Amino acid sequence: MYPMESSSYPYLGLLLVLGSICAALVQFLKPRDLKSPGGTKRWAMPPGPAGLPVLGNLRQMMQARRGPVALNNWLASLIPYGEMVTLHMGSRTWVMLNSDRVVSELIAKRGKVTNERPHMPVASDLVSNGKRTVIRQEEEWREGRRVMHQLLSGSNLKVYAGMQELESVDMLRLYLREPGLWYAHNFRYATSVLYRIVMGYPLNKTTQQLDDYQRVTIEFVSTINRSYVDFFPSFSKLPHALQPWRRFWARMGSFHRHVFQEWWKPIKAAVSNGAAPPSFVRDVLLHPDIRYSGDDEEAMYLATSVMAAGGDNTRMTMNTFLMAMLSHPEAQTRAREEIDRVCTVDQSIRLPRMSDLSEMPYVAAMIKEVLRWRPTVPIVPPHQLTENLEIDGYFIPAGTCFLINSIALSKEFDNAQEFQPERWIDGSETRTTANFWGFGGGRRVCVGWKVAEQALFIAYARLLYCFELSPDGLIDDTRLNHQVIGEPFPVKATIRSARHASLIEEEASKYEKSFSTFGATAK
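So for the sequence shown, the working numbering puts the first residue at 600; every next one is plus one.
One or more hints might be untrue.
Said to hold, decoys possible - Quick list of in silico lysine-lysine cross-link-like pairs, BS3-like style, CA-CA up to 27 Å: (1) LYS804 / LYS867; (2) LYS804 / LYS864; (3) LYS757 / LYS804; (4) LYS1109 / LYS708.
As the list claims (entries may be wrong) - Ranges of calculated distance between the beta carbons of each label pair, as one might list FRET restraints: (5) SER1101 / GLY710: 49 to 59 Å; (6) LYS836 / SER871: 31 to 41 Å; (7) GLU1011 / GLY710: 48 to 58 Å; (8) HIS886 / GLY992: 25 to 35 Å; (9) SER871 / ARG745: 22 to 32 Å; (10) LEU756 / ILE889: 31 to 41 Å.
These aren't lab readings, by the way, just hints derived from the structure by calculation.
This one's a predicted model, so the numbers in the text were calculated from it and none came from an experiment.
C-beta atoms are modelled at their ideal positions from N, C-alpha and C, and glycine is treated no differently.
Use the sequences and the hints to build the structure in full.
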């Protein structure tokens, strides 16, 4: 198996030679007139840091990508340049978006011309076989988006809420019995609901299968804007003999496809045999009347990518939530008091329900604040401009790529380093995407944001109602590492009382029977 943190660095010398040749040709052949195609205005790009010949600022970003702290520090260092920062990385020009105002203007309001993804020969072609929806270019992306919208919105949300409540009971039971494996319970919970929605069955995978699936997701995310080749996409047109980096990335892509097939083939067989329960795969992707235009391979990548993206983002956010509770115990206390007022009445206790959301504004606001306080995705996948654009006196040419700097956006608040959910209690705390870019934006906004919001709310509320969360060792809330499968930091989850333990066991005893009402045999 390839090492997880490998990259195309061993071929940097070859890339620099090729890049220098390409850069020289570009400089020789490009027109000397810097006017825009309209003929009256010259291109004027936002300011940015100086870079190296050929590579531009690419080396700076690659060095920053070697660790989460380094990346966050580099992104923060770009804030003084302004709301928009020009970076020359490889053969493309990039503009980092550093404020809510410009993200709203460019990604949301002008989404018609900023919706495209740039071609990424490594992350998309070699690692994803050109099939992962999140980085597909618009023409191929549109069909996947259409069917995902059917899956993750509308009346389906009420059905999913019931599943999330049931799976959260299983999570509580695991926390009660094996509290030291809290990080594994978070991942299992995040994955189990989506597996049931997409595949139709309760999650029945081995620990190794779950570890492999988590590894695939972590690896894929790490490939976006990671390889030098994706910044010099013309290199992908060279004869394969001149692309020594292909072997490493292709092996990674083959492993990812193998893991996806392990999860896909049993479901496809059940659908073919008429034995599959209701699910996204049975009722949409493989249903003859829905007319999904993708082939079997595309259906597999779409189904598994929905689970991978939704599950891993939820896992990371839940881990960040626990870190916030450890480092800000006053927020934990305030949230628990709010939950107790709703769920503890006349000495009787019950678990929080999804219907309690409107009565728990502080807990609801925690969803946004966790994502703002320590963004799980510091740089949102890039958008590419398809038409020339003018904004704030700048004239930006088509082909320029935009990156949302989540670290910069997270600092546009008073006391930005503090965890203060109350900053979001303004009537929109139950709508996670309102005035917030944690799920992306524009036409590329995550279609499953409402499913994620529900999953996070019920998990936060139930964990806080049943457990006291405290550090079980030294912690540093500025050094969160989501790229590990093991324990990222030490947590002690202590049941609040014997009554709360009994409540969990009572609800867990109903788990298997209740889950069968959703059309599958329970675990």
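These are the hints, each one checked on the structure:
1. Under the criterion of a C-alpha separation no larger than 27 Å, the hint pairing LYS804 with LYS867 is consistent with the structure, at around 16 Å.
2. For a cut-off of 27 Å, the pair hint linking LYS804 to LYS864 stands: about 14 Å separates their Cα positions.
3. Between the alpha carbons of LYS757 and LYS804 the distance comes to roughly 26 Å, so the proposed pair stays at or under 27 Å and holds.
4. With a CA separation close to 48 Å, the supplied pair LYS1109 and LYS708 exceeds the 27 Å bound.
5. About 51 Å separates the C-beta atoms of SER1101 and GLY710, a value consistent with the hinted range of 49 to 59 Å.
6. A beta carbon spacing of about 39 Å between LYS836 and SER871 agrees with the range 31 to 41 Å that was offered as a hint.
7. About 21 Å separates the C-beta atoms of GLU1011 and GLY710, a value inconsistent with the hinted range of 48 to 58 Å.
8. The given range of 25 to 35 Å is broken by HIS886 and GLY992, whose C-beta atoms sit roughly 52 Å from each other.
9. Here the CB-CB span from SER871 to ARG745 is close to 24 Å, well matched to the stated 22 to 32 Å.
10. Range check, LEU756 to ILE889: about 20 Å between beta-carbon atoms, so the 31 to 41 Å window is missed.
Comparing the model with each numbered hint stated earlier shows that hints 4, 7, 8, 10 do not hold.
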